[in-house]
Amino acid sequence: MTSSTSSGADLLTAPSDWLAEQPGLSNRLVFRHALARLADQDERVVLLEADLAGGGDPYAARHPERFLNLGICEAAMLDIASGMAATGHVVFAHTFAPFGAMRACEQVRLGLAYARANVKLVCDYGGLSGAFFGPTHHAIEDLAILRAMPNMTVVSPADGLETIQATRAVLEMEGPVYLRLGRNRVTRLDVARPAFALGRAMCLREGSDVGIIAHGEVGVSMALDVAARLETQGISARVVNLHTLKPFDEEALLETAERTRLLVTVEEHSILGGLGGAVCESVASHGLGRRVVRAGIQDRYDSAAGTHESLLQRHGLEAGALVETILGALPRPRLAALAPSRRG
Amino acid sequence: MVQVPLEERARRIRRTILRLAATPVGCHLGGSLSMVELLVVLLGRVMNVRPQEPRWEERDSLILSKGHAAAGLYAALAEFGFIDTEELVQRYNAEGSPYTGHVSAAVPGVEFPTGSLGHGLGLGVGMALGHRLRQRANRVFVVCGDGEMGEGSNWEALQIAAQHELSGLTVLVDRNGGQNDGPTESILSQGALVQRLSAFGLGTVEVDGHDMEALARVLEAPAEGPRAIVANTKKGAGVPMLRGKGPHYATFNPEQLKRALASLGEVTP
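Protein chains in written order, with the numbering used here: chain A, 1 to 344; chain B, 1001 to 1269.
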């Protein structure tokens, strides 16, 4: 593993250059390097692990005194995180998403959210990225559960650059955060983007037919792919990266609804309760009367083995399939106006 | 300043708890009364606290993991000057008040909101680890119920406390033998609690939880690692009318309150 300073560029001052020098690093490893670098200049940072840090962790190597591997004890780890935060530390607690967000759910609720603890729960293995390990290691309900908790901030960075930016941003804010990462992807979005700010969605591409709102590594890269494919068919898509699911950027949603004719959500999470749920809630509460196509994990556990990509495909999370769905769902006001009236 | 004897402190706390049982929704009475001596020795003798400055940085911390016994903790905090006794009795469980039926951290002197069982030990281990990392000497005391030891998260936290040799942490188990649905031993036995805590790596002693001298002796002894004190107590202790087996939860009517206070030797107006 490459240390965060062995390369030429500095991760914090030149993150894009630093990432370019380490093209193979997954976002979950980018996080570890980013936290190691951030902890150089912030003595408050502590990282807790529950036996899933892996070998050669860059943070553990750099800050051994502020690294505690507590063993296979997720529930206790999160209460401990809250206790440590109460003594002035900023505690990052890492494990896999199904264990952090769901096994230790009440500790997240009471130790973190209710207590407004300055704890950042960082989970990889978001969505189906645990692939071959099966549904015990998939997290398809975590966003719905954590989004429902008052005081919680819920963030899924879309790529390496955003992972660095989000890690810094959550360290700088006070309060509990769920930072969700995947496992496998080496996502490096090749797209110009505005500055990253928690709670503020970013428009990655303007368009007037379809408004695609996306969340997370798989969601955003798929949305950009879908938009490019739609363009070849003469359909223009606006792509919004809603990296912070909570607090939810309603303004970005309303703006997208105003500028487009169909809303589409893309996320690596159940279509119930996550991004799709949040967008539907807002559309309904603002009385927009707009159809929302929700691309995501269908409401079922998939126990058959498969690669990450094939599992996504089985749930329809695949650019080609989503393009077809969108083409079928797009309202065609001009064609409708030209068609003869059925009432005769 | 005149020192109030600890025995008198305990009596006064019991009176307040009984008055809280006589409020409209009542309180967890048995388990509040059983831990009175534990709280008196901690707050009145062992712990380094400033009631007028509850968030003082150098304070020792008390975490009531058995947060249903809120009436007992609030009454003790009132006795030691963190909050006002009359305000507590007037506003306990009242609309909009901070004095909720399970411990609220909005009350001065309370570190964490507890009452869902099995969280206090983890929170306490975290505080002890945090203080040690900051090279501070603050100590952390966690009071658990014996029935509460059924929660697996406690045993996770105890393993971690032992692994990290957390000498700043003291666990007190209020071994009153009762839980919501009846005697602890008939529901989920904690019969070998001392041996289990010792086997988990805690320096463990068993004491009479109503003997304040004995409690003070073990709490003031120097610690080499995390410690556990199994304090044998009785539900409803100290109130003759309840004969040491007070109800888990009670709502007193005025007549019952009068009799209970009278059994403590107090004449009500």
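Treat the hints as calculated values from the structure; they're not laboratory data. Worth double-checking, as some hints may not be accurate.
Just some of the chain B residues that point at chain A, by a computed CB distance under 8 angstroms [stated by the list, open to error]:
(1) 1007
(2) 1108
(3) 1117
(4) 1162
(5) 1165
Stretch-level coverage of chain B by chain A, calculated; a stretch enters the list once three of its residues show a Cβ under 8 angstroms from a Cβ in chain A [to be verified]:
(6) 1008-1020
(7) 1147-1159
Going by beta-carbon spacing under 10 angstroms, a handful of chain B positions derived as facing chain A [stated by the list, open to error]:
(8) 1063
(9) 1120
(10) 1163
(11) 1167
(12) 1232
(13) 1244
(14) 1248
(15) 1249
(16) 1253
(17) 1257
Positions of the beta carbon are idealized from the N, C-alpha and C atoms, including for glycine.
Hint by hint, here is what the structure shows:
1. At about 33 angstroms, the closest approach between the beta carbon of residue 1007 of chain B and any beta carbon in chain A exceeds 8 angstroms, and the interface hint on this residue is violated.
2. The closest approach between the C-beta of residue 1108 of chain B and any C-beta of chain A is roughly 15 angstroms, which is over the 8 angstroms cut-off, so the hint fails.
3. At a threshold of 8 angstroms, the smallest CB-CB gap from residue 1117 of chain B to chain A is about 10 angstroms, leaving the interface hint violated.
4. Because the closest C-beta pair between residue 1162 of chain B and chain A is about 11 angstroms apart, greater than 8 angstroms, the hint is violated.
5. Interface hint at residue 1165 of chain B: violated, since its Cβ lies 13 angstroms from the closest Cβ of chain A, which is beyond the 8 angstroms cut-off.
6. With a threshold of 8 angstroms between beta carbons, the proposed coverage of the stretch 1008-1020 of chain B by chain A is violated, since 0 of its residues qualify and at least three are required.
7. Counting residues of the stretch 1147-1159 of chain B whose CB lies closer than 8 angstroms to any CB of chain A gives 5, which reaches the minimum of 3, so the coverage claim holds.
8. For residue 1063 of chain B, the suggested interface contact is upheld, since its CB lies about 8 angstroms from the closest CB of chain A, less than 10 angstroms.
9. For the restraint placing residue 1120 of chain B at the interface with chain A, the shortest Cβ-Cβ distance is roughly 8 angstroms, inside the 10 angstroms limit, so the hint holds.
10. With 10 angstroms as the threshold, the beta carbon of residue 1163 of chain B comes within range of chain A, its nearest partner Cβ sitting at about 7 angstroms, so the hint holds.
11. Given hint, residue 1167 of chain B at the interface with chain A, is violated; its Cβ is 16 angstroms from that chain's nearest Cβ, farther than 10 angstroms.
12. Because the beta carbon of residue 1232 of chain B sits about 26 angstroms from the nearest beta carbon in chain A, more than 10 angstroms, this interface hint is broken.
13. About 33 angstroms separates the beta-carbon of residue 1244 of chain B from the nearest beta-carbon of chain A, more than 10 angstroms, and the hint is not met.
14. Below 10 angstroms, beta-carbon pairs count as interface contacts, and residue 1248 of chain B has none with chain A, the closest being about 22 angstroms; its hint is therefore violated.
15. For residue 1249 of chain B, the interface hint is violated, since its Cβ never comes within 10 angstroms of a Cβ in chain A; the closest pair sits about 22 angstroms apart.
16. With 10 angstroms as the threshold, the beta carbon of residue 1253 of chain B stays out of range of chain A, its nearest partner Cβ sitting at about 34 angstroms, so the hint is violated.
17. Here the hint on residue 1257 of chain B is broken, as its CB sits about 33 angstroms from the closest CB of chain A, past 10 angstroms.
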